[in-house]
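Enquirer: We have chain B; now place chain S onto it with these hints.
One line per chain: the protein sequences are B and S, in this order. Using full-length UniProt numbering, the first residue of the first sequence is number 1, and each one after it goes up by one. Using full-length UniProt numbering, the first residue of the second sequence is number 1, and each one after it goes up by one.
Treat each hint with caution, since some may be false.
Not the full set, but computed from the structure, chain B residues with beta-carbon under 7 angstroms of chain S [said to hold, decoys possible]:
id, residue
1, 33
2, 220
3, 225
4, 228
5, 238
6, 285
7, 302
8, 307
9, 314
10, 367
11, 404
12, 432
Just so you know, these hints were derived from the structure itself, not from any lab. Glycine residues also receive a C-beta, built at the ideal position from the N, C-alpha and C atoms.
Protein chains: 2
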Amino acid sequence: MSKLPAILSRLDADLDASLARLSSWLEIPSISTDSAYAADSRRAAEWLAKDLESLGFTAGLRETPGHPIVLAHRPKPGAPHVLFYGHYDVQPVDPLELWDTKPFEPVIKEIEPGRKVIVARGACDDKGQVMTFVEALRATIAETGDLPIGVTVMVEGEEESGSVNLPAFVRENAEELKADFALVCDTGMWDRHTPAITASLRGMVYQEVTITCADRDLHSGLFGGAAANPVHVLAKIVAALHDETGRITLPGFYDGIEEPTNQQKADWADLNLTEDEFLGQIGLKHSVGETGRMLIEQIQSRPTCDVNGIWGGYTGEGTKTVIAGKASAKVSFRLVGKQDPETIAAAFQAFVRERLPADVSAKFVAHGASPAVAVPVESPALRKAQAALTEEWGRKAVTIGSGGSIPVVGDFKRLLGIDTLLVGFGLDDDRVHSPNEKYDLSSFHKGQRSWARILQALATEGA
Amino acid sequence: MSKLPAILSRLDADLDASLARLSSWLEIPSISTDSAYAADSRRAAEWLAKDLESLGFTAGLRETPGHPIVLAHRPKPGAPHVLFYGHYDVQPVDPLELWDTKPFEPVIKEIEPGRKVIVARGACDDKGQVMTFVEALRATIAETGDLPIGVTVMVEGEEESGSVNLPAFVRENAEELKADFALVCDTGMWDRHTPAITASLRGMVYQEVTITCADRDLHSGLFGGAAANPVHVLAKIVAALHDETGRITLPGFYDGIEEPTNQQKADWADLNLTEDEFLGQIGLKHSVGETGRMLIEQIQSRPTCDVNGIWGGYTGEGTKTVIAGKASAKVSFRLVGKQDPETIAAAFQAFVRERLPADVSAKFVAHGASPAVAVPVESPALRKAQAALTEEWGRKAVTIGSGGSIPVVGDFKRLLGIDTLLVGFGLDDDRVHSPNEKYDLSSFHKGQRSWARILQALATEGA
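The shape of chain B in the complex, shown without the other chains (with noise of 0.2 angstroms):
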């Protein structure tokens, strides 16, 4: 441990020139959902190999269908290894208009006195988070030549795209993705100033359906009042998705859900969150979830349903008098407990498939399915980044569940039978997949020496 104040005083003084390097980065638009941005995705997976390979890493871009997967190597023969994940792509933009500054030209602003953050698409989901780790790296190596332990680091660029290529690639790959343990960089805080530790991850079920009425776009003077509006099929169908208390109601939709433990009930209900405090910061005052469940609950540890997305007809400026020929809506679901993606899936279909009226049919894309998981709670190497967490922010770290989804977890222990330590410092109100995404500079800067502090750690011996 002699070694780390040293690493964490490097990272001090590095902070500038570590904001430029992510600065760097995020300016490439790497968005893995328009096809448009293909060219940028390669420059954005080439740009942090050729970082890798500058700290001693054997690092090289592979070939996925999709985009190429980021892979390099530092091994320690002897010491624990552990296998990095992260994403290097971003959500798209749109609406662009509701952004203050342009999205891939990062800069930094101080939102509140003393608070400090960089604005960009993906400042912090993932190329901020993942270059904490980066950074810790770097400092380490500078400072003591070496690092404590040996890393793999594997960043993707198809995780806002389902990740569809990198199950294949893990199990095609098992061998040299070989570790003790995984690290993910892809979770958030409890608040500004209690670090968090991730002990559950909802699964998702993506869908996209598309509703046809007639064979064309239709004059609504000529065909109203007679031929169907896949508009009007498509909105009896979304509004029916949930009942009058919240509840999602496709037959067999919480199969394989426990209750809460009574243990748990008080954990959350210790925590004492408010919808004030979590619906306040986005205008909102009520939460829409499930009757009769906590808030906490509602967002972490229950299924959901959402659509996010729907279209259809003319949505143009001013007027037209049009009956659409189509309507489609993306929807998805998160998945908790022991939920089955693809039952859920198929039970969304005939959900559908039920309340199409004569001469409509459906036709549905399936943009990924995966269960949701739970990590150990008692490991010796969460224990030992609970403590090195606790150290640096000066506050008990805390285990949570996220509402959100990192399929790849689920495919670790799967496909490599190792389990995941899920450390991040994101915060809600970071923007995420919305306009003005920003990241803190102290999650950023303590980011970094929170790893700094963990890589140490996982060297020691025992529990």
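Expert: Quick look at chain S alone, frame taken from chain B:
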């Protein structure tokens, strides 16, 4: 009447040249609802004014707060005077990918043996229809050196965006627009072989509603399960607009509508319009209209409600796990009888507001409101036109109701005190407002001949 055969022969000989003229007008993308095409709208207006000037009209553009109005006069003291109305603006062209050819590059196609059509945005609605009248004027003047009656031509550029500036223009220029009655060429035939005069038109209320929940787009993994989703709120509202029998549920919506007489029902039954015949052409088999009403009643004489567009959240390629801050819909109602547009607009807004959960707000944009109108079916002018149409087409011209709305007809009655004769040559399969809009060459050619006959007929004495 002795001059008519020569005029008709001239129209026959001049068909190719008249098609070339129409094509050059169709090439101008005069999309009134999109401000990006404002200069094109003006060009389309100038094109027509110049053409009318070449026919000896005093013609020019008259400015409005929006797009200009083409106004042209050719008086004939002592003879009847008619006010012809049409519009030079066209609908937007999206979805562009569904067009087989470019919307503003007109092409002539043979869609079945012996049946040729011209394909372009505006081919029928309303440039093609307007030019049937203009070509009849041209041939009559060329052959006889004069017109048999006085003619004012008023062609506006905002019909597809609700004719918002037309009523004020008509009111302010009532003296200049004085006429015995109005002619409008913006309606359809009964079928490809049977001409029709439209005797009633539905009115229209067009509202755009935007539902706002959170003050930004949210990550569904962080906020899903608690934050209100505006797409869900909007879907529930749209789903509630119709009941299971196809009736519209706005309170008081059906006030002011009379039931059809037994004679009207018998006339409808005689026309024997079947679902196969009417909906089969667009790939449907079953009407979703009000249970217990004949199909022809549903589409012509009953009020309707259609969502013409809906959008919210992520609508691009792939996935985005977002809960939108806002979602919007464009909703239009077709009105009949004495339904009051303002009352219905207010009822719609109240209907939406009553269905908003806590924290959720709605904003409205009104895109126009006009009542239904009926024209007298026993006027001398109508009988003369009916005889002329019957002569041209070899089938008795029928009087029909139209599901569409042409608010100017109500304006002419209210502001100028004149009735309107609605004669048009559109067909149900013209794909008006849809990709691949077309106009049959038989409509274009025999439409010109029909107007030539009507012009001569209107000059004759008596009933």
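Enquirer: It remains to establish, for every hint, whether it holds in the given structure.
Expert: For each hint, the structure was consulted:
Among the interface hints, the one on residue 33(B) holds; its C-beta lies about 3 angstroms from the nearest C-beta in chain S, closer than the 7 angstroms criterion. Because the smallest distance between the Cβ of residue 220(B) and any Cβ of chain S comes to about 5 angstroms, under 7 angstroms, the interface hint for this residue holds. Against a cut-off of 7 angstroms between C-beta atoms, the interface hint on residue 225(B) holds, since the closest Cβ of chain S lies about 4 angstroms away. The beta carbon of residue 228(B) is positioned within 7 angstroms of a beta carbon in chain S (closest approach about 5 angstroms), and the interface hint is therefore held.
Interface hint at residue 238(B): satisfied, since its Cβ lies 4 angstroms from the closest Cβ of chain S, which is below the 7 angstroms cut-off. Checking residue 285(B) against chain S by beta carbon gives a least distance of about 5 angstroms; that is within 7 angstroms, so the hint holds. Satisfaction of the interface hint for residue 302(B) is found here, the shortest Cβ-Cβ separation to chain S being roughly 6 angstroms, below the 7 angstroms cut-off. With a cut of 7 angstroms, the hint placing residue 307(B) at the interface with chain S holds, because the nearest CB-to-CB distance is about 4 angstroms.
Nearest Cβ of chain S to the Cβ of residue 314(B): about 4 angstroms, under the 7 angstroms cut. The hint holds. Restraint check, residue 367(B) versus chain S: the minimum CB separation of about 5 angstroms is within 7 angstroms; hint holds. This hint holds: residue 404(B) has a C-beta 3 angstroms from the nearest C-beta of chain S, less than the 7 angstroms allowed. With a least beta-carbon distance of about 5 angstroms to chain S, the hint placing residue 432(B) at the interface is held under the 7 angstroms criterion.
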